[in-house]
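Position chain B against the provided structure of chain A, taking the given hints into account.
Number of protein chains: 2
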Amino acid sequence: MPDFKTLLSERVKETERIIAEYLPVEEGHQKTILEAMNYSMNAGGKRLRPLLVMETCRLFGGDRKDAEPFMAAMEMIHTSSLIHDDLPCMDNDQYRRGKKSTWAKYGEDMGVLAGDALIVEAFAAASRAFEVTKHPYRVGEAFRILAEKTGIYGMIGGQVVDVELTNQPIPKDKLDFIYRLKTGALLEASMLIGAVLAGAGQQECAKISQIALNVGLAFQIQDDILDVTSSQEVLGKPVGSDEKNCKTTYVTLEGIEKAREEVKRLSDEALSILHSLDVKNEFLEQLIIMLITREK
Amino acid sequence: MPDFKTLLSERVKETERIIAEYLPVEEGHQKTILEAMNYSMNAGGKRLRPLLVMETCRLFGGDRKDAEPFMAAMEMIHTSSLIHDDLPCMDNDQYRRGKKSTWAKYGEDMGVLAGDALIVEAFAAASRAFEVTKHPYRVGEAFRILAEKTGIYGMIGGQVVDVELTNQPIPKDKLDFIYRLKTGALLEASMLIGAVLAGAGQQECAKISQIALNVGLAFQIQDDILDVTSSQEVLGKPVGSDEKNCKTTYVTLEGIEKAREEVKRLSDEALSILHSLDVKNEFLEQLIIMLITREK
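These protein sequence lines map, in sequence, to chains A and B.
For the first sequence, my numbering begins at 1 and goes up steadily by one.
For the second sequence, my numbering begins at 1 and goes up steadily by one.
Chain A with its partners taken away, still in its complex shape:
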């Protein structure tokens, strides 16, 4: 078996080939928005969410063809949230990953519409699963999860509270809510959709949810820790920005030691639940460990 890094790089490439099949051809009167969508989708994400869909589907022995439309869908939903987050009335970011943000390149109106379009195209992509599946009710359930975890009881719910509390101290319960939903919900959706499409049972799905939520929280807290302990060279972005912006984080609320303990607790629990399953996917386990223990 090739080492994890080689396998990861292969599977990211494979994921990008799959996503590309769902991107629009840039022609027609509405060409500008098609360009804006492709620009955002090709801006160099880690493709983490589609990877989690694929690997959790693989874990339970599911049919890859059912998962592919949802891999594209998850990446589109994630990208749409970045586009709208960058808008002047939100975070007002002109750059993302060293490139102009979508609205800065195509105009604010196109930024709004490109984000809208990617949400809709996510569901359009996912609906193509009905053309190939032998399990329409599973696909229906995956659809429900995609919508629920994206919407007001998922990612968007988290964004709302985050936006409302900008430049304000955030109490612990609301910070938990934001962390759980803003990042956690899409990670949960990705793993849960992979599991549901593969026909995992209720108990297995509950375990997958818990793993994903733990990973999401640990990922977020690790982010807070790195902002304090890392260097700009390693992280690729300025450190200490949370303190400078008076931002409430897990570290400012609980201290660095408690934050580290919490990451460890969440990770250990996630891996122990993963090991309690009757099925095994070595690569998925490595992927989860990478997410939690990352140094950048």
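Mixed in with the good hints, there may be bad ones.
Where chains are identical, the list cannot tell them apart; a pair therefore holds if satisfied intra-copy or between any two copies.
Stated by the list, open to error - Capping the alpha-carbon separation at 27 Å, the derived lysine-lysine pairs in DSS-like fashion look like this:
no., residue 1, residue 2
1, 264, 247
2, 65, 134
3, 172, 31
Please keep in mind that the hints were generated in silico from the structure rather than gathered at the bench.
Below, chain B alone, put in the same frame as chain A:
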């Protein structure tokens, strides 16, 4: 049989009861956005699109329970487009139907997020059809239509071209594109979804699409005519605004006589296709006639 107006008012009320079942309860940390969504959904629309879903489903003898989730979904998609259209970076409208627009009441960031949330909740609502249906592949096809006609090859595609050509003369082919997609696509989706859920065949669906597109175009051109020929009292909004804003419309491009002829041609054709079907829904026919011949 009660007269059309009585029946219409009853069915609009029924539609509003159905939609209400899919609206969020205003509680939790993310309460602001739930309020903003309900505010926009209850701002007094005509409920035209859900009515078309229900009545086309009835035309083909479909199961109402399958249609209800899509009735809510269509109204949510329509409302989301109004919220985002009103944003400062789009039409910059502070009022809609005599009430503050969503962003003017809840802030621009919440305006963006409330529109996003309604798109997502539309698909969440629609996914509830899987819990009740005996025909999951039909529901899957309805999902595909909802996404396709909302997205870049539907409503959003039309918005993009409309936004790009603001304050510019619009050539005929692009005006047709905007009219066909910006309004037409959602009317088409509504009728088509009703038909598909009821198990209508391919030929019947093709006819339904043609009827809906004709109605959409006629509706739009009638709008242009009324802006020239009506009075503020009848229309409830200022007339002559298209000329004042140097807006290209069907009337400015083709003249009022040709516009009237086109409305008549499109309407006659739509009704003649409707009559060519083996099934009948008197109320749907009246509804279509009302849409086309409206004086406000």
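So, going through the hints one by one against the coordinates:
no. : hint      : verdict
1   : 264 x 247 : within (23 Å within a copy, 62 Å between copies)
2   : 65 x 134  : both (10 Å within a copy, 24 Å between copies)
3   : 172 x 31  : between (45 Å within a copy, 18 Å between copies)
Every hint, counting from the list given before, is met by this structure.
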